[in-house]
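Same order as they appear, the protein sequences are chains A and B. According to the numbering used here, numbering within the first sequence proceeds without interruption in unit steps and concludes at 218. According to the numbering used here, numbering within the second sequence proceeds without interruption in unit steps and concludes at 1218.
Keep in mind that a hint or two might mislead.
Unchecked claim - Below 27 Å or equal to it, Euclidean Cα-Cα: the simulated DSS-like pairs (lysine-lysine) are:
id, chain 1, residue 1, chain 2, residue 2
1, B, K1102, B, K1121
2, B, K1035, B, K1050
3, A, K135, A, K171
4, A, K102, B, K1050
5, A, K127, B, K1050
6, B, K1127, B, K1102
7, A, K121, A, K102
8, A, K121, B, K1102
9, B, K1127, B, K1171
10, B, K1102, A, K102
11, A, K121, B, K1127
12, A, K102, A, K171
13, A, K102, B, K1127
14, A, K127, B, K1121
15, B, K1121, A, K121
16, B, K1171, B, K1102
17, B, K1035, A, K50
18, B, K1050, A, K42
19, A, K127, B, K1102
20, A, K121, A, K135
21, B, K1121, A, K42
22, A, K171, A, K127
23, B, K1042, A, K171
Stated by the list, open to error - Partial chain B-side listing against chain A, Cβ under 8 Å, derived:
id, residue
24, E1023
25, D1025
26, F1054
27, S1096
28, S1100
29, R1190
30, E1192
31, L1198
As the list claims (entries may be wrong) - Here are the in silico distance ranges between beta carbons for each label pair:
id, chain 1, residue 1, chain 2, residue 2, range
32, B, L1063, A, T83, 45 to 53 Å
33, A, T83, B, D1186, 37 to 45 Å
34, A, D118, B, K1127, 17 to 25 Å
35, B, S1100, A, V112, 20 to 28 Å
36, B, P1156, A, P156, 34 to 42 Å
Rather than coming from a laboratory, the hints here were simulated on the basis of the structure. Model, not experiment: these values are computed from the prediction. In this text, a Cβ means the ideal position worked out from N, Cα and C, and glycines have one as well.
There are 2 protein chains.
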Amino acid sequence: MERKRISESTIHRLSLYLRTLAELDADGQATVSSKELADREKLTPAQVRKDLSFFGSFGTRGLGYPVIELKDKIARILGVNRTWNVAVIGVGNIGSALVSYKEFARQGFRIVKIFDNDQRKIGSNHKGIQVSDFKDFADEAPEAGVEIAIIAVPGPIAQYVVDDVVRAGIKAILNFAPVNLRVPADVYLRNENMSMELEYLSFAMVNNHVQKKTRRTV
Amino acid sequence: MERKRISESTIHRLSLYLRTLAELDADGQATVSSKELADREKLTPAQVRKDLSFFGSFGTRGLGYPVIELKDKIARILGVNRTWNVAVIGVGNIGSALVSYKEFARQGFRIVKIFDNDQRKIGSNHKGIQVSDFKDFADEAPEAGVEIAIIAVPGPIAQYVVDDVVRAGIKAILNFAPVNLRVPADVYLRNENMSMELEYLSFAMVNNHVQKKTRRTV
Chain A
1 MERKRISEST IHRLSLYLRT LAELDADGQA TVSSKELADR EKLTPAQVRK
51 DLSFFGSFGT RGLGYPVIEL KDKIARILGV NRTWNVAVIG VGNIGSALVS
101 YKEFARQGFR IVKIFDNDQR KIGSNHKGIQ VSDFKDFADE APEAGVEIAI
151 IAVPGPIAQY VVDDVVRAGI KAILNFAPVN LRVPADVYLR NENMSMELEY
201 LSFAMVNNHV QKKTRRTV
Chain B
1001 MERKRISEST IHRLSLYLRT LAELDADGQA TVSSKELADR EKLTPAQVRK
1051 DLSFFGSFGT RGLGYPVIEL KDKIARILGV NRTWNVAVIG VGNIGSALVS
1101 YKEFARQGFR IVKIFDNDQR KIGSNHKGIQ VSDFKDFADE APEAGVEIAI
1151 IAVPGPIAQY VVDDVVRAGI KAILNFAPVN LRVPADVYLR NENMSMELEY
1201 LSFAMVNNHV QKKTRRTV
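Kindly produce the complete structure, drawing on both the sequences and the hints.
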């Protein structure tokens, strides 16, 4: 029940903390203060302490949080203390890159199936996985224990693909196609909007430009 | 000055609205209500109206917002009513996929330079662009008018690369390497954390699982 209250932005910050804690652990650092975590993520120490308070109080005042323990707690709450079986649908540029992206496996997201509808790609081998025909998705995905589907197909066909994925019983979908997809309420859908962060940068630069001009004029 | 007050999450929602408005425009829809925009993004109409109030009031009660006008206004505030010159550094799996990703160009982000430090890749052609030696970045990037650098190099070397990019005078950086990077305060840095949305899905599934179990037990 407690977990239900965690907001989307808190979950995203937990992902950031997890990455930082993994780096600190690799560097052999045993404890971390809320201030250090805050500085690294450009947050306030109060925000960090609030986020981590969801796990109960276990940081020691003056000593900070034990890195490994905090990392494990966050991994558990994010559900990445286990392995998830993932299917990638579409082996174009983005799909191929995702299949080769080692970080996913490191985080517990194991790509076990690849699907495409292009006859020239079906049967070809990507990182040891033979590309399946997408028309066999409903049979082959459950057989392989697929729990998460990554959609990396062109925008115009993405809704048809996601409809088939939902019909096959998949409850978690990550969409890389640059379109808004509709899924039933019991299916979790997240969108990876590759342009969003570039748009943030262009916003920042235009905005900065305006501010500078304002300062100069006033 | 007005733009300064816009929060990070508002900027991200503007990106979402922009994508949806582009779809509506392509479908020939002339007006859109705050409710329709809200439904598509799983937000409340009040949130949408609040976000759009930054642009002054120009929606008509009962008729909604004019799609093209709203799209153009958001594009202008996000700074994507113009073209930005982008350099991709690192043509591994992710870098190559980004170079081929047509959506960037459609949003005004034009990849004009590609850099790598691998002698086997330098000089090779990716989508009509010859890969340059990264050691020439400080000369070639400004020459080509590069305004945004995308870092797609392995984690362990990312900080060295970003240091060189900053020294060359680039003020906007999008990082795909799975590490936290340090940049001076006057440089905009955004991170594309590819695992973050997968972690959100695993969180949702674990959480749902717990909820179901709770319901069943109680």
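How the hints compare with the structure:
no. : hint                              : result
1   : K1102(B) with K1121(B)            : 22 Å, holds
2   : K1035(B) with K1050(B)            : 12 Å, holds
3   : K135(A) with K171(A)              : 19 Å, holds
4   : K102(A) with K1050(B)             : 41 Å, violated
5   : K127(A) with K1050(B)             : 47 Å, violated
6   : K1127(B) with K1102(B)            : 11 Å, holds
7   : K121(A) with K102(A)              : 22 Å, holds
8   : K121(A) with K1102(B)             : 21 Å, holds
9   : K1127(B) with K1171(B)            : 25 Å, holds
10  : K1102(B) with K102(A)             : 24 Å, holds
11  : K121(A) with K1127(B)             : 21 Å, holds
12  : K102(A) with K171(A)              : 24 Å, holds
13  : K102(A) with K1127(B)             : 25 Å, holds
14  : K127(A) with K1121(B)             : 21 Å, holds
15  : K1121(B) with K121(A)             : 25 Å, holds
16  : K1171(B) with K1102(B)            : 24 Å, holds
17  : K1035(B) with K50(A)              : 33 Å, violated
18  : K1050(B) with K42(A)              : 26 Å, holds
19  : K127(A) with K1102(B)             : 25 Å, holds
20  : K121(A) with K135(A)              : 14 Å, holds
21  : K1121(B) with K42(A)              : 36 Å, violated
22  : K171(A) with K127(A)              : 25 Å, holds
23  : K1042(B) with K171(A)             : 18 Å, holds
24  : E1023                             : 7 Å, holds
25  : D1025                             : 13 Å, violated
26  : F1054                             : 12 Å, violated
27  : S1096                             : 7 Å, holds
28  : S1100                             : 4 Å, holds
29  : R1190                             : 4 Å, holds
30  : E1192                             : 6 Å, holds
31  : L1198                             : 5 Å, holds
32  : L1063(B) with T83(A): 45 to 53 Å  : 51 Å, holds
33  : T83(A) with D1186(B): 37 to 45 Å  : 42 Å, holds
34  : D118(A) with K1127(B): 17 to 25 Å : 20 Å, holds
35  : S1100(B) with V112(A): 20 to 28 Å : 25 Å, holds
36  : P1156(B) with P156(A): 34 to 42 Å : 39 Å, holds
When each numbered hint is compared with the structure, violations occur for hints 4, 5, 17, 21, 25, 26.
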